[in-house]
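Let's have the full structure, built from the sequences with the hints guiding it.
Protein chains in written order, with our numbering: chain S, 168 to 275; chain V, 12 to 181.
In case anyone wonders, no lab produced these hints; they're calculated from the structure. Heads up, the beta-carbon is just placed ideally off N, CA and C, and yes, glycines get one too. Any given hint could turn out to be false.
To be verified - Here are the simulated distance ranges between beta carbons:
(1) S/LEU273 with V/ASN136: 48 to 56 Å
(2) V/LEU161 with S/ILE267: 23 to 31 Å
(3) V/GLY168 with S/ILE267: 48 to 56 Å
(4) V/PHE100 with S/GLY229: 15 to 23 Å
(5) V/PRO132 with S/MET257: 46 to 54 Å
(6) S/ILE267 with V/VAL115: 24 to 32 Å
(7) V/SER123 with S/ILE240: 18 to 26 Å
(8) S/ILE267 with V/SER123: 54 to 62 Å
(9) V/ALA118 with S/MET257: 12 to 20 Å
(10) V/LYS102 with S/PHE270: 19 to 27 Å
Said to hold, decoys possible - Okay, derived cross-link-like pairs now, DSSO-like style, lysine-lysine, Cα gap no bigger than 27 Å in a straight line:
(11) S/LYS201 with V/LYS174
(12) V/LYS174 with S/LYS274
(13) S/LYS263 with V/LYS174
(14) S/LYS272 with V/LYS121
(15) S/LYS201 with V/LYS102
(16) S/LYS201 with S/LYS263
(17) S/LYS272 with S/LYS201
(18) V/LYS102 with S/LYS274
(19) S/LYS263 with V/LYS36
(20) S/LYS201 with S/LYS274
(21) S/LYS263 with S/LYS274
(22) V/LYS128 with V/LYS36
(23) S/LYS272 with V/LYS174
(24) V/LYS36 with S/LYS201
(25) V/LYS102 with S/LYS263
(26) S/LYS272 with V/LYS36
Said to hold, decoys possible - Short, incomplete list of chain V residues facing chain S, as computed with Cβ under 8 Å:
(27) SER54
(28) ASN60
(29) ILE69
(30) GLY74
(31) VAL78
(32) LEU79
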Amino acid sequence: MIPAVSTIGSSLDFFVVVAIALFSIGCYGVLTRKNMIVLLMCIELMLNSVNLLLVTFSKYYGASDPQIFVFFIVVVAAAEATVGLSILIMAYRSNKSIDIELFNKLKD
Amino acid sequence: MTLQLLAIILGSLTIGSALMVVLSKHPIRSVIYLVITFFFISSLYILMNAEFLAIVNIIVYAGAIMVLFLFVLMLLNLNKQAEPTTSLFSKLTGVLAAGALFSVLIAALKDSLVLGKNYVPSNPNVGLVENLGNLLFSKYVVPFEVSSILFIAAMVGAVLLAKREKQIID
Chain S
168 MIPAVSTIGS
178 SLDFFVVVAI
188 ALFSIGCYGV
198 LTRKNMIVLL
208 MCIELMLNSV
218 NLLLVTFSKY
228 YGASDPQIFV
238 FFIVVVAAAE
248 ATVGLSILIM
258 AYRSNKSIDI
268 ELFNKLKD
Chain V
12 MTLQLLAIIL
22 GSLTIGSALM
32 VVLSKHPIRS
42 VIYLVITFFF
52 ISSLYILMNA
62 EFLAIVNIIV
72 YAGAIMVLFL
82 FVLMLLNLNK
92 QAEPTTSLFS
102 KLTGVLAAGA
112 LFSVLIAALK
122 DSLVLGKNYV
132 PSNPNVGLVE
142 NLGNLLFSKY
152 VVPFEVSSIL
162 FIAAMVGAVL
172 LAKREKQIID
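The following block contains the structure:
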């Protein structure tokens, strides 16, 4: 029915592996980096890996719904980055540093 | 066959630039590498016939969010003080945890990674604007409207949080 022009199908497994690798790299960044901005960027990386996985399975099943979910994830990521960065600016004003360890002060 | 080769090259470049985001010392370099990663992810979307999402990814992520990050980074003017150093122990722990996560996820999905063999070519127009727009404004119209409320809340929150408090003059 549909001519098999698209041979990307055999690469879908590789895309799943790429998504998992991106998620692990983001996880490593969140665990080790102390700079708050880099931390937020690693969270963006993890969100993007999830998007990649959703698009891969959308291609596999030929469904549009996962791509709508990706759209909403992008929306939420934008809102999250905005609020996170303004919290960061507030923390920088009171501490003159964006070291994540400074949030230990919240315990006292 | 060339498409598979292209997919492997672009995927490897994505992983490489994502690694550079985490490993580079200077935050501005991290931002630049993250923008490059987003471009590579968009290229993967194009390979999978998700053209609309590729464009949205470039416009929203590389165009808006990353510029916001860069803007904040330059506003804070951090180049005088050095990046806080991470101890070797925590680096080792991070590598261990991330490697464990990677291998566990791969091991869990090992038997289901047969997408390539079972793949049947489906409708290639799934990712076009027409299809997604029809779906977004019929089935998902309520979440779409709710996301505008989310944006207003985020906007008000950002302004409220980043606003300088009034100086008390006595």
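Query raised in the report: Broken hints, numbered, in rising order?
Result: 3, 4, 8, 9, 14, 22, 27, 29, 30, 31
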